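Listed below are the residues making up each chain.
Number of protein chains: 6
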Amino acid sequence: MGARREPIEYSAASAEVRAVYDDIMATRNVKWVGNFWKVLAHDPPTLQRIWSNIKQVMGPGSLDPLTKELLYVAVSASNGCHYCIASHGTAARKKGMTEAQYSELLSIVGLANETNKLVTALGVDIDPQFL
Amino acid sequence: MGARREPIEYSAASAEVRAVYDDIMATRNVKWVGNFWKVLAHDPPTLQRIWSNIKQVMGPGSLDPLTKELLYVAVSASNGCHYCIASHGTAARKKGMTEAQYSELLSIVGLANETNKLVTALGVDIDPQFL
Amino acid sequence: MGARREPIEYSAASAEVRAVYDDIMATRNVKWVGNFWKVLAHDPPTLQRIWSNIKQVMGPGSLDPLTKELLYVAVSASNGCHYCIASHGTAARKKGMTEAQYSELLSIVGLANETNKLVTALGVDIDPQFL
Amino acid sequence: MGARREPIEYSAASAEVRAVYDDIMATRNVKWVGNFWKVLAHDPPTLQRIWSNIKQVMGPGSLDPLTKELLYVAVSASNGCHYCIASHGTAARKKGMTEAQYSELLSIVGLANETNKLVTALGVDIDPQFL
Amino acid sequence: MGARREPIEYSAASAEVRAVYDDIMATRNVKWVGNFWKVLAHDPPTLQRIWSNIKQVMGPGSLDPLTKELLYVAVSASNGCHYCIASHGTAARKKGMTEAQYSELLSIVGLANETNKLVTALGVDIDPQFL
Amino acid sequence: MGARREPIEYSAASAEVRAVYDDIMATRNVKWVGNFWKVLAHDPPTLQRIWSNIKQVMGPGSLDPLTKELLYVAVSASNGCHYCIASHGTAARKKGMTEAQYSELLSIVGLANETNKLVTALGVDIDPQFL
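Protein chains in written order, with our numbering: chain R, 1143 to 1273; chain G, 1143 to 1273; chain B, 1143 to 1273; chain V, 1143 to 1273; chain E, 1143 to 1273; chain H, 1143 to 1273.
Hints in this document: simulated from the structure, not taken from any laboratory. Check before you lean on any hint, since a few could be wrong.
Identical copies carry no separate label here, and so any pair may be met within one copy or between two of them.
[Claimed, not checked] Distance condition first, Cα-Cα at most 25 angstroms in a straight line; then the derived SDA-like pairs of lysine to any residue:
(1) LYS1173 x GLY1222
(2) LYS1173 x GLY1265
(3) LYS1173 x ALA1242
(4) LYS1197 x VAL1172
(5) LYS1237 x GLU1151
This one's a predicted model, so the numbers in the text were calculated from it and none came from an experiment.
Start from the sequences and build out the full structure, keeping to the hints where you can.
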């Protein structure tokens, strides 16, 4: 009755779901697909949509691939999404993130949350120099 | 009676507050101090503490200065702190952030929030490959 | 020493707590009470107050019972409350929510979080047509 | 220097941006485009991507159009996004949302946030009946 | 068309709304009612329900009245609700909150948000001494 | 590959980490150190910085030690940080927090979250009496 959904493995997936799994594996040059995608597979249009978004947003652009992953990890850490920290943290490490960089990222996440709250609570007016 | 605090200008500040303002201006090589610091100045130990934290966290390290600002902007954007987006966005631009990079940063913030929520709502188990 | 509280079972409950449990079971036409209520039972006035709020807000009104549960699930999913997603998701299914509807609900929760963050970060002005 | 972006009007928009504006107006059968889209237009791939997501998620499906808007309003209200409440609230009213329904929606948002926090803070275990 | 609601003044209020306004003024020994109540008045059952909750939760108990207001201000500051910070901050000052106490409260809110995020991001296991 | 960090025990810690552990134990008059500090120890400057912040913010001031802990628990409960609720809840109990006080604190956290969301969603204007 609950609200959880079990991962759908490749062997049990429909052709349209397998096509997305195949594209994920080919794009990332790996031989497996994460549970996030396997759970989204209960709703194939959403699986395709979210993967298409990820491909576009995390693909080549003005920010280098490591910086993109660091930003994804930072937002996920700020939001407390453990799966996302683990999956994008792993991706960031593959792209070169060091332990020292991860430590600094976490410090920024923590401190930004502190100052974000102080600024918002105090209703600080934006300085004209920032406009 | 309210909870807002007015900025304390340099001319009205105590010696200990001025010392922090002076250090902020010297460290950043600018001739003014933002409203955040002027509002924190109602509580000098907190002004010193937060500035000291910012100096340590945002100072030289393993991540380059631009990446640090991008991370700060991303967390602030995710938290909806307009002052913080404006102030750290300005700092990021001074350090070289382009319009295209800012666009990509915002896209990552938006998409990470979408997937963070989906993952958390669905209670996705962390794959062993991410441990 | 911790901050958790153990559920208080019917057999161990005071008369005033049992009265609330009885009303929950009668209102919902079930023979058991969820852990949320059993944990709140450590504080009987709060147990009564929260139950009274739920009864009023989720009772008959202008929105049909299924829509009310869908809204509760959506907010709970957005907030990442697993217990709430599970309990209100179960209630929604009893009232007719299909798998396809649940998928669409989750998609809306995810996308709304993405656009909410983008809009807030960008400080978009409200169009006069929306006032 | 700041982080805000001004709306790009139709007359000043590129052909690719106009194509999205045209599709928004045609899909919704209106003669104007909201500021959200005009601000996203600084980044045409993101404009196209977000519009494409909205079209897919909010288009015909298992949930009726009003219920979809109510869910969008509820999540936006829970997240405190005024622009989103105003724009999706307007859409919901066009699709038939009454004042009484809006009141009930807000009550659910408020109460769900209260119980979500209580449940999460108390670490309530999910009952087997909800699994 | 929008989603905002205008305050309903006493002179324009129904008898049932006036009864709540009268009780608010009598309970607080003041001669006016805040905009929050006047906006809730569009939905009299919700006006009564929320006021009844506030009366019960903020009324006499084990925590002294000032501590209760400080807790309300702290949560509101953490959530960035300006109206709530202003209204409960005013109430706290009437009950004796000093500027120094308000400064300390804000420091705790900021620091708790920093450590809450670090702890959650790092997935720290609860020590047995805290159970 | 993941993003979690294991606690660093005293016996395995560097001299600079041990110095912080020693100061934590001496300040709190206990013979052990919580997992939060042991996980932060992977990044000694952050360990020192956060501990220094906690010492300053939670040390003697205008608010009594119990009230400070109650505020920390309330913010942590509102943010759903279980470790923080458990650790600061334990500290609050050592300083005298009763079960009844904890119940009232939780009620305030829950209700403040409800009214914070309603106020923010409704865009209530701040009354001049609160300015």
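Hints, verified against the model:
| no. | hint | in the structure |
| --- | --- | --- |
| 1 | LYS1173 x GLY1222 | neither (28 angstroms within a copy, 30 angstroms between copies) |
| 2 | LYS1173 x GLY1265 | between (50 angstroms within a copy, 23 angstroms between copies) |
| 3 | LYS1173 x ALA1242 | neither (29 angstroms within a copy, 30 angstroms between copies) |
| 4 | LYS1197 x VAL1172 | within (15 angstroms within a copy, 32 angstroms between copies) |
| 5 | LYS1237 x GLU1151 | neither (27 angstroms within a copy, 30 angstroms between copies) |
Of the numbered hints stated above, those contradicted by the structure are hints 1, 3 and 5, listed in ascending order.
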